[in-house]
Amino acid sequence: GAGDVSNTEHAYLNSISSNVQTQIAGAGESNSPRFFAYSGNHTTALTTGTWLKVSLMNSTTVNEESGWDAATDKFTVPTGKGGHYMFGANATFYSSTNALQGMRLAIYKNGSRTYSGYMTNFFNASSALRHHNAGVICMDTASAADYFEFYVLAYGTSLNYMSDTENFRYTNFWGYKLT
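Just so you know, we're using our numbering here: the sequence shown kicks off at 461 and counts up by one.
Honestly, the hints are just simulated from the structure, not real lab data. Every residue, glycine too, gets a C-beta built ideally from N, C-alpha and C. Careful: at least some of the hints might be erroneous.
[Unchecked claim] PhoX-like, lysine-lysine: derived pairs with alpha carbons at most 25 Å apart: (1) Lys513 with Lys569; (2) Lys513 with Lys534; (3) Lys569 with Lys534; (4) Lys541 with Lys569.
[Said to hold, decoys possible] Label pairs and their calculated CB-CB ranges: (5) Thr539 with Thr503: 30 to 40 Å; (6) Thr507 with Gly543: 15 to 25 Å; (7) Ala604 with Ser556: 39 to 49 Å; (8) Leu638 with Ser618: 33 to 43 Å; (9) Arg590 with Trp511: 35 to 45 Å; (10) Ala505 with Thr639: 16 to 26 Å; (11) Arg590 with Lys541: 19 to 29 Å; (12) Gly540 with Thr508: 17 to 27 Å; (13) Thr508 with His544: 33 to 43 Å; (14) Thr507 with Ser603: 28 to 38 Å; (15) Arg590 with Asn570: 17 to 27 Å; (16) Met579 with Thr539: 16 to 26 Å; (17) Lys541 with Lys513: 19 to 29 Å.
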């Protein structure tokens with residue numbers, strides 16, 4: 461009937477569709493390797509003003525090409541996979557005494573703090589925060605064997621970085637190759 465696609469037209473459209481998909485896939489990258497690691501249900505104590513490497517990132521939803529190592533909590537660029545990378549990290553901070561005054565996150569490259577983000581709250585002790593989430597995102601040119609780690613720092617009293625029992629993956633570290 462009117463508007464129906466004939467077998468010949470259908471075959472032609474499939475041919476065009478396959479060709480377009482091949483061209484698009486050939487023009488882009490696969491964004492691999494890539495990873496997304498998150499901490500399970502836990503709370504880790506922090507010392508005010510001291511950088512601490514985020515550990516317990518033993519849960520991953522993505523780990524293509526095995527760049528993420530849960531035993532060392534770091535991503536290492538695999539052999540032959542150098543290029544431009546995008547990295548990001550998020551952490552939830554908690555003070556049981558409602559005294560969270562500030563927090564910082566950092567992505568370390570080859571053992572040195574390279575990228576950092578922060579959130580500072582200028583409250584007095586009676587109005588400081590109990591919970592807060594912060595994040596950092598960066599782009600880096602990396603070579604094979606370069607490695608990246610996630611660190612946190614907070615100011616206040618009775619401090620922790622944490623996940624939660626609802627498993628929303630608030631504390632996480634991720635990355636992928638751009639080119």
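Inset, instruction - For Arg590 and Lys541, compare the CB-CB distance with the range 19 to 29 Å and indicate the outcome. - result: Cβ of Arg590 to Cβ of Lys541: about 41 Å, so the range 19 to 29 Å is violated.
Inset, instruction - Take a quick look at whether Lys569 and Lys534 sit within 25 Å of each other, Cα to Cα. - result: holds (10 Å)
Inset, instruction - With a cut-off of 25 Å on the C-alpha distance, tell me whether Lys541 and Lys569 pass. - result: holds (16 Å)
Inset, instruction - For the range 16 to 26 Å, tell me whether the beta carbons of Ala505 and Thr639 fit it or not. - result: At 40 Å between Cβs, range violated.
Legend entry - Status of the given 17 to 27 Å range, CB of Asn570 versus CB of Arg590: violated (36 Å)
Inset, instruction - Could you say whether the range 30 to 40 Å given as a hint is met by the Cβ separation of Thr539 and Thr503? - result: holds (37 Å)
Legend entry - 25 Å limit on alpha-carbon distance, applied to hinted pair Lys513 and Lys534: holds (10 Å)
Inset, instruction - With respect to the beta-carbon atoms only, verify the hint that Gly540 and Thr508 lie 17 to 27 Å apart. - result: violated (43 Å)
Inset, instruction - Confirm or reject the claim that Leu638 and Ser618 have a C-beta distance inside 33 to 43 Å. - result: At 40 Å between Cβs, range holds.
Inset, instruction - Given the hint that Lys513 pairs with Lys569, test it: the Cα-Cα distance must not exceed 25 Å. - result: holds (12 Å)
Legend entry - Cβ distance range 16 to 26 Å for Met579 and Thr539, holds or violated: The hint (16 to 26 Å, Cβ to Cβ) is violated, given that Met579 and Thr539 are roughly 37 Å apart.
Inset, instruction - Just tell me: holds or violated, for the beta carbon distance of Thr507 and Ser603 against 28 to 38 Å? - result: Cβ of Thr507 to Cβ of Ser603: about 34 Å, so the range 28 to 38 Å holds.
The structure fails to meet hints 6, 9, 10, 11, 12, 15, 16 from the earlier list, while all remaining hints are met.
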